[in-house]
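For this one, chain S is given, so just place chains D and R on it according to the hints.
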Amino acid sequence: MRNSRLFSTIAGALFAGIVTSTAVLADPSTRIGIVAPGPHPYFTQWDAAGQQAAKDFNIGVVDYRVPAKWELAAHNALLESMASQNYNAFLIFPGDPVATRPTVADLVGMGAPVISLAGCLQDPSDAAFCFATDNTVAAYDAAKLLIKEMGGKGKIVHFAGFLTDPNTKVRIDAIARAVAETNGAVTVVDNITDLDVPEAAQDKINAFLATQGNNIDGIITTAWIPSVVAATALRKIGDKRIKMIGLDNDDLLMAAIKDGYVSGTVVENAFAQAYVGSFAVDKLRTGCKLRDDAPWKNANRSAKLMDSGTVYVTAANLDTYHDIQKDKAKGLLASFKSAYLKCP
Amino acid sequence: MAKSILRQEWLGLAVIAVLGFVVMATLRPSFLTPFNLFVLMSTFALATLIALGQMVTLAVGQLNLSLGSVGGLVAVSFAGLMDVWHWSAAPSLMAGLALGALAGALNGILIAQFELSAFIVTLATLAMFKGLNLALTKAQPFYHIDRIVSAFGNASIGGPIPAVLIPTVMATAVVAFIFYRLPIGRQILAVGGNSSASELSGISNKRAVITAHVMSGALAGLAGMVAVARLQLGQPTIGEDWLISSFAAPVIGGVALTGGHVSIVGTLLAVVIVALITQGLVLFAVDPFYVQLVLGGLILVAVGLNSLRSLLPIGYSSL
Amino acid sequence: MAVGRSSRSQPNEEASTALGLLLLIVIAFAVFSWTATGFASPYNLYTLTRTAGLNVLLGLAMMVVIATGGLDLSVGATGVASAMFAGYLMQDFRFQMVIAIVAALCFGGALGFCNGFVVVFARVHSFIVTLASMSIIFGAMIVLTKAESVRDLPASFLALGKIRWFGYLSPMLIVSVAIGALIAIMLRWTDLGREILASGASSRAATLSGVRVGSRIITVHALSGMLAAAAGVMLSIRNGAMVPSMAGNLGQEWLLPAFLAPVLGGTLLSGGRAWVLTTVLAALLVTELTSGMLLMAIGEFWVQFALGSVLLLAVLLEKGRSTLMGTGEGI
Numbered sequence: 001m002r003n004s005r006l007f008s009t010i011a012g013a014l015f016a017g018i019v020t021s022t023a024v025l026a027d028p029s030t031r032i033g034i035v036a037p038g039p040h041p042y043f044t045q046w047d048a049a050g051q052q053a054a055k056d057f058n059i060g061v062v063d064y065r066v067p068a069k070w071e072l073a074a075h076n077a078l079l080e081s082m083a084s085q086n087y088n089a090f091l092i093f094p095g096d097p098v099a100t101r102p103t104v105a106d107l108v109g110m111g112a113p114v115i116s117l118a119g120c121l122q123d124p125s126d127a128a129f130c131f132a133t134d135n136t137v138a139a140y141d142a143a144k145l146l147i148k149e150m151g152g153k154g155k156i157v158h159f160a161g162f163l164t165d166p167n168t169k170v171r172i173d174a175i176a177r178a179v180a181e182t183n184g185a186v187t188v189v190d191n192i193t194d195l196d197v198p199e200a201a202q203d204k205i206n207a208f209l210a211t212q213g214n215n216i217d218g219i220i221t222t223a224w225i226p227s228v229v230a231a232t233a234l235r236k237i238g239d240k241r242i243k244m245i246g247l248d249n250d251d252l253l254m255a256a257i258k259d260g261y262v263s264g265t266v267v268e269n270a271f272a273q274a275y276v277g278s279f280a281v282d283k284l285r286t287g288c289k290l291r292d293d294a295p296w297k298n299a300n301r302s303a304k305l306m307d308s309g310t311v312y313v314t315a316a317n318l319d320t321y322h323d324i325q326k327d328k329a330k331g332l333l334a335s336f337k338s339a340y341l342k343c344p
Numbered sequence: 001m002a003k004s005i006l007r008q009e010w011l012g013l014a015v016i017a018v019l020g021f022v023v024m025a026t027l028r029p030s031f032l033t034p035f036n037l038f039v040l041m042s043t044f045a046l047a048t049l050i051a052l053g054q055m056v057t058l059a060v061g062q063l064n065l066s067l068g069s070v071g072g073l074v075a076v077s078f079a080g081l082m083d084v085w086h087w088s089a090a091p092s093l094m095a096g097l098a099l100g101a102l103a104g105a106l107n108g109i110l111i112a113q114f115e116l117s118a119f120i121v122t123l124a125t126l127a128m129f130k131g132l133n134l135a136l137t138k139a140q141p142f143y144h145i146d147r148i149v150s151a152f153g154n155a156s157i158g159g160p161i162p163a164v165l166i167p168t169v170m171a172t173a174v175v176a177f178i179f180y181r182l183p184i185g186r187q188i189l190a191v192g193g194n195s196s197a198s199e200l201s202g203i204s205n206k207r208a209v210i211t212a213h214v215m216s217g218a219l220a221g222l223a224g225m226v227a228v229a230r231l232q233l234g235q236p237t238i239g240e241d242w243l244i245s246s247f248a249a250p251v252i253g254g255v256a257l258t259g260g261h262v263s264i265v266g267t268l269l270a271v272v273i274v275a276l277i278t279q280g281l282v283l284f285a286v287d288p289f290y291v292q293l294v295l296g297g298l299i300l301v302a303v304g305l306n307s308l309r310s311l312l313p314i315g316y317s318s319l
Numbered sequence: 001m002a003v004g005r006s007s008r009s010q011p012n013e014e015a016s017t018a019l020g021l022l023l024l025i026v027i028a029f030a031v032f033s034w035t036a037t038g039f040a041s042p043y044n045l046y047t048l049t050r051t052a053g054l055n056v057l058l059g060l061a062m063m064v065v066i067a068t069g070g071l072d073l074s075v076g077a078t079g080v081a082s083a084m085f086a087g088y089l090m091q092d093f094r095f096q097m098v099i100a101i102v103a104a105l106c107f108g109g110a111l112g113f114c115n116g117f118v119v120v121f122a123r124v125h126s127f128i129v130t131l132a133s134m135s136i137i138f139g140a141m142i143v144l145t146k147a148e149s150v151r152d153l154p155a156s157f158l159a160l161g162k163i164r165w166f167g168y169l170s171p172m173l174i175v176s177v178a179i180g181a182l183i184a185i186m187l188r189w190t191d192l193g194r195e196i197l198a199s200g201a202s203s204r205a206a207t208l209s210g211v212r213v214g215s216r217i218i219t220v221h222a223l224s225g226m227l228a229a230a231a232g233v234m235l236s237i238r239n240g241a242m243v244p245s246m247a248g249n250l251g252q253e254w255l256l257p258a259f260l261a262p263v264l265g266g267t268l269l270s271g272g273r274a275w276v277l278t279t280v281l282a283a284l285l286v287t288e289l290t291s292g293m294l295l296m297a298i299g300e301f302w303v304q305f306a307l308g309s310v311l312l313l314a315v316l317l318e319k320g321r322s323t324l325m326g327t328g329e330g331i
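Line order of the protein sequences matches chains S, D and R. UniProt numbering puts the first residue of the first sequence at 1, with every later residue one more than the last. UniProt numbering puts the first residue of the second sequence at 1, with every later residue one more than the last. UniProt numbering puts the first residue of the third sequence at 1, with every later residue one more than the last.
No incorrect hints appear here.
Listed next, the in silico DSSO-like pairs over lysine-lysine satisfying Cα-Cα at most 30 Å (straight line):
1. S:Lys55 <-> S:Lys326
2. S:Lys328 <-> S:Lys258
3. R:Lys146 <-> S:Lys169
4. S:Lys55 <-> D:Lys138
5. R:Lys146 <-> S:Lys144
6. S:Lys297 <-> R:Lys146
7. D:Lys206 <-> R:Lys319
8. S:Lys289 <-> S:Lys330
9. D:Lys138 <-> S:Lys326
10. R:Lys162 <-> S:Lys289
11. S:Lys236 <-> S:Lys258
12. S:Lys155 <-> S:Lys240
13. S:Lys330 <-> S:Lys55
14. S:Lys169 <-> S:Lys144
15. S:Lys326 <-> S:Lys289
16. S:Lys153 <-> S:Lys236
17. S:Lys337 <-> S:Lys289
18. R:Lys146 <-> S:Lys155
19. S:Lys148 <-> S:Lys236
20. S:Lys148 <-> S:Lys326
21. S:Lys297 <-> S:Lys328
22. S:Lys337 <-> S:Lys326
23. S:Lys289 <-> S:Lys342
24. S:Lys337 <-> S:Lys297
Keep in mind the hints are simulated off the structure, nothing from the lab.
Here chain S stands alone, though its shape is the one from the complex (with noise of 0.2 Å):
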């Protein structure tokens, strides 16, 4: 009897509680969140461009937030308590292409626009567009440039990432389109996946190269993790006869490709992506649309993507990508502008 009465005391506190603290403040700002799936150096860049961004657009709050681990379930708890914290606009990597689509249908019921970014939702989805690599064109690009380096045949393996990330299947299905226009001269002998984990990847890759390492001319690689273990297994293997073409930016695969162990990397710009990214959802909430004639790619799993590019380094521009990465960036903000965006 005591102890109902008190239940009823406290039920009611925690219903007064709620009642009182439903008015939240309505802050008449853009608050971004570029919200990263999990730790990884590739994300790294984005803080420093949101910041930039911040800056050069004049926008009110831009911050880069990543969750303690690489897991679906602390991504979306991430973003819940962002959204209870009065972030208005947000710039996402999904932790799964179909699983984010309900937290972010709940953060575009709530006012607040989503551009997944640099891996796309699966389409349908609540978010405006996808603004990434277009994955396609960057793993054919790069399996072209190392058709080429090898002298039109050969034997690839590919090194691949995760397997339940929606871009590991496209970049095979890419290579594979490349390998098939040599009529046969080149061969993939194997896509190896899940090796976006350092201990994975030095056990397989170490693994493979060790077994098979005599039996292919050359290797691709399409993430980050595996672009700097295969770089830093070629530098101990030494005799620089298996040509290479890695993905992104490590100092360790940069380092290989300066000395000639690998010959270049496509590089994806992931500062165009949190910066041109933070300016777009920024004019998005304040009133700005999309233009229905908008150039829209179809990759990616998305009806609706814009391509952040790509830039090929080799020892030649080693030392200026960077810029060139920025001035890509300015080319995709003045396209943004007038292709994709239109403002009342």
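Quick look at chains D and R alone, frame taken from chain S:
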């Protein structure tokens, strides 16, 4: 008597390991290339430390879920000391070992002094050490480790024998020495075998339990630092996937889950078998996820055989 | 007799633990509302109750096994595998949603049954059996699904995830609490429940008084599997997809919440005592703490450390309490 049982226990494992090696070498000649043997032995070096780290807690009749979490924390601390504070390799190594032992001591004291369940204590410290790791690193790796460490991780000491085998051999020798030569080793086994009886016979249960956990923590820390040397960076995710393999090797190697009995040779052979299976799956391009299936199956078979053996009359066990 | 004694002494202790937890929930609510922006906003309460629904189920899945003195490390693997099973039935075989969910619950129950069967007949502790089965179930699931999510689900299933009551309440919590109520009734007022608790309190005494302890151990493992499956389905509803990695590698991410709730709720690890009400409240508290910490400036990187500390604190307190009261019921 004791010796003959010991021998028959790991004889079967030795036969399996040798058979596996021969089959692999015959089917895939590339298996015997120096580079592959180098990779295989590097894997063995790390996996052995992990297995021994769990074996010592099993010896005292307990377990250590926080093994991988301690390994990860020591790994990032070791790398962090070199990267951020520019310590050189040797003092960082000492600090890493001390941190591992300290983490183990915390586990041991909580378990022995407060008479708490080892399972729940190490589940809690698993989360705490992992949390510290993430809070310290913000989940980003430390890249700039001492050149000596990264060179050590890639170096060989003659032919295909990797340098990272050195700490493993030394640690194994120390563990063997403690168990077979020192009184505290026998006490750990006595406590594991029958804790109330050993208390009556004047052995300090608490000291044995704490010692076992300190050893476990130090071995986990050493494993974490070997992982840093192999990966060439202090990755916060080190240790996340150690749990199953840490139990698999001792259990397959014939270490009693109820405590009181260890088999270092058996554990080492089990590590070899597990490494051969992992390599074999890569060699034959089998889906690597089969590793988990096979490991789980092996654990079940091993405990099944053990309990079957205990049900049969003594004479049958030599079969 | 053990059964009579424990059931008589339980309600008071359970009520005092429940009151303590309730007090902590209210205090935490007040503190977080004050310190963390947006904690008491309707959307945060909605997501909080949604996550709490999952955590309650995980806690119950572990609690029923702990009641017999065992544990189940495979909850995560079982939950995800069962959810994937339901997903395939709906996506590839166009099963009706309700039938697919029931099938998933049965599938989880069957996996749990296997755990229990091996525990009883191989006479091995459930720790090592479920450690192995966690690896086997998760490995088999990944091999069979090729680690691909189930994404093409019927609209009726997806619609379940969008239900939101009064703006701040997720029906998931209500479902979990209802399931908890059923388990509470089973444990307290049925022969089955009394036998389960008796088996946990003292397996020898239970055997002497005619309880088939082995079959009760199998029962709780099957029940644990079903509850884990329910948790897996619930998380899939929330995600709108069945994702193999939704409980982390091997389903390990579910272990901490699964143990936190029963241990905080005063369930004895040695078996024989299981309180549903306190387990539910403890799951609520844990969810609340996690949510509050995510919102506070200290950041997401300390959440795991804090949850580990809470678990340690809970066992230390329980130890202190039982030592003071001289009951000798240690954890």
